[in-house]
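Q: Read off the chains here:
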Amino acid sequence: MLQTALQEIETAAELKKIISENENVMVCCGRMGPMCIPVYEAMEELEEDREDVKFFTMAFDSPEANIIREDPSCLGFMGLPFTMYYKKGEVAHATSSIQSMEKIKAVLNDKFGK
Amino acid sequence: MDEVFDVMILGAGAAGLTAGIYTSRAKFSTLILNEGPIGGQMVLTNEVANYPGVEKTTGYAMAGIMKKQAKEFGCKIKSNVKITEYDLGEKVKSVTLEDGRVFKAWSVILAPGGKSRTLNIPGEDKFRGSGISYCATCDGEFFTGKEIVVVGGGNSALEEAVALTKYVTKVTVVHQFDHFQAFEHAVREAQSNPKIEFIMESTLTEFTGNESLERVTIKNIPTEETYQYPAQGTFIFIGYSPNTSAFKGIVEMNEREEIITNSEMQTNLPGVFAAGDSIVKRYRQITTAVADGTIAALTAAEYVAKTKKEELVLN
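As they're listed, the protein sequences go chains C and U.
So that you can map any letter, position 46 of the first sequence is 46 in the numbering used here, and since no number is skipped, the others follow by simple counting.
So that you can map any letter, position 183 of the second sequence is 183 in the numbering used here, and since no number is skipped, the others follow by simple counting.
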């Protein structure tokens with residue numbers, strides 16, 4: 001269980017349902033480690049400003065997170081967290097390792113619009 | 001006239017949040033402006049087990065409680081802001097944000113903290129997350145069965161090099177000096193590990209590969225000879241640097257760009273104080289940041305009370 005203020009997705013089925021029901025979804029799949037926490041923090045901040053995007057976490061070590069770990073867009077990823085951006089149910093972008101607020105904002109603006 | 005806060009704190013790590021708790025509890029109007037996420041380096045500490053009075057927690061949880069405490073006492077906090085201009089030399093100090101907003105205060109506490117150093121060489125951005133890492137605990141398992149390079153010669157570098165041998169087939173430690181800065185026991189442990197090799201007096205100059213990292217370019221510092229070296233991963237542990245570049249030419253700093261303060265956390269500018277990892281000191285711990293923040297807050301409060309009283313007499 002991740003200790004963040006964001007809502008945590010616990011199953012692959014739940015993730016599929018969320019991305020099918022919401023146009024723009026960002027999911028940070030990680031642990032409570034130094035590379036992941038800054039991304040959660042940035043998402044918590046952004047949750048207040050970006051009502052058009054749904055923000056979630058998923059525990060990297062859960063077997064249910066295979067749906068992200070084994071996604072083709074994560075092939076070659078070698079750093080936590082794996083951060084997924086879904087648009088209309090499809091992967092629009094994915095990043096590996098720590099990301100700054102500026103970089104996350106840039107992806108959100110680019111993939112989901114300002 | 002625009003609102004003038006009693007105390008403006010720049011930074012929301014352990015030092016900044018502590019200062020905010022103290023000044024706002026003492027009923028000084030307080031604003032914290034923070035360029036990154038709340039908590040600073042503290043949130044990057046997975047387990048905090050030596051903070052007196054707290055049995056065991058995470059840095060993330062501790063930062064969350066400090067933020068809540070500060071807010072409950074009335075402290076205003078704005079995070080992830082970008083400050084573009086500082087005017088700290090006047091009696092009323094001000095900062096300007098990227099979006100044009102200006103915030104003013106009678107006193108300022110600088111608590112910008114520090115960040116992990118990066119090599120800043122070609123390829124570092126490209127391969128971050130696909131071969132380059134700054135956290136062995138986080139990413140070690142992705143390098144199982146691979147040959148990697150560890151950059152650095154301090155305790156973190158050597159301890160993490162040893163930890164990484166659990167996963168990898170070979171670790172090459174590249175260090176810029178002919179000796180290590182790490183404690184003797186850490187050096188001995190690394191040197192006695194058969195999976196670890198050392199390349200001394202050398203530095204990396206480039207990362208190359210296709211989808212993921214494949215090679216690093218190593219430069220021998222005395223001879224200036226460069227050569228390519230196979231590496232499917234590189235872990236960088238070259239210490240921390242203070243986030244003080246914005247204050248260059250504004251407050252006095254030493255050659256390591258750490259802010260110089262006296263024992264009451266005063267800088268060379270009247271009404272400007274500093275606390276936490278960005279000041280000149282030897283030990284950087286949550287406890288020492290909290291202590292600095294407390295002292296800075298109490299000194300700032302005294303300064304504000306005195307300054308406002310003088311203004312009242314003059315007017």
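Since the hints were made in silico from the structure, they are not lab data.
Possibly wrong hints are sitting among the right ones.
Looking from chain U toward chain C, a few residues come up when the C-beta cut is under 7 Å (computed) [said to hold, decoys possible]:
1. 26
2. 43
3. 131
4. 195
5. 197
6. 198
7. 199
Residues on chain C that point at chain U, a partial pick, calculated with CB under 10 Å [claimed, not checked]:
8. 1
9. 6
10. 33
11. 40
12. 45
13. 73
14. 75
15. 76
16. 100
17. 101
18. 107
19. 112
Glycine is no exception: its CB is placed at the ideal position from the N, C-alpha and C atoms.
Q: Are the hints correct? Go through all of them and say.
A: So, going through the hints one by one against the coordinates:
1. A distance limit of 7 Å between C-beta atoms decides the matter here; for residue 26 of chain U the minimum to chain C is near 28 Å, and the interface restraint is violated.
2. Given hint, residue 43 of chain U at the interface with chain C, holds; its Cβ is 5 Å from that chain's nearest Cβ, closer than 7 Å.
3. With its C-beta approaching chain C no nearer than about 6 Å, residue 131 of chain U sits inside the 7 Å limit, and its interface hint holds.
4. For the restraint placing residue 195 of chain U at the interface with chain C, the shortest Cβ-Cβ distance is roughly 19 Å, beyond the 7 Å limit, so the hint is violated.
5. The interface hint given for residue 197 of chain U is violated, since its Cβ lies 21 Å from the closest Cβ of chain C, which is over the 7 Å cut-off.
6. Because the beta carbon of residue 198 of chain U sits about 24 Å from the nearest beta carbon in chain C, more than 7 Å, this interface hint is broken.
7. With 7 Å as the threshold, the beta carbon of residue 199 of chain U stays out of range of chain C, its nearest partner Cβ sitting at about 22 Å, so the hint is violated.
8. Because the closest C-beta pair between residue 1 of chain C and chain U is about 12 Å apart, greater than 10 Å, the hint is violated.
9. Among the interface hints, the one on residue 6 of chain C is violated; its C-beta lies about 12 Å from the nearest C-beta in chain U, farther than the 10 Å criterion.
10. Hint on residue 33 of chain C holds. Least Cβ distance to chain U is approximately 4 Å, under the 10 Å limit.
11. Given the 10 Å rule on beta carbons, the hint for residue 40 of chain C holds: about 8 Å separates it from the nearest Cβ of chain U.
12. With a least beta-carbon distance of about 5 Å to chain U, the hint placing residue 45 of chain C at the interface is held under the 10 Å criterion.
13. Evaluation of the residue 73 of chain C hint against chain U yields a violated restraint, the C-beta minimum of about 12 Å exceeding 10 Å.
14. Annotation: interface hint on residue 75 of chain C holds; nearest CB of chain U at approximately 8 Å, less than 10 Å.
15. Against a cut-off of 10 Å between C-beta atoms, the interface hint on residue 76 of chain C holds, since the closest Cβ of chain U lies about 5 Å away.
16. Taken as an interface hint, residue 100 of chain C checks out: its beta carbon lies about 8 Å from the nearest beta carbon of chain U, inside 10 Å.
17. With a cut of 10 Å, the hint placing residue 101 of chain C at the interface with chain U holds, because the nearest CB-to-CB distance is about 5 Å.
18. Hint status for residue 107 of chain C relative to chain U: violated, with the closest Cβ pair at about 13 Å, above 10 Å.
19. With a cut of 10 Å, the hint placing residue 112 of chain C at the interface with chain U is violated, because the nearest CB-to-CB distance is about 18 Å.
Hints 1, 4, 5, 6, 7, 8, 9, 13, 18 and 19 from the list above are not met by this structure, while the remaining hints are.
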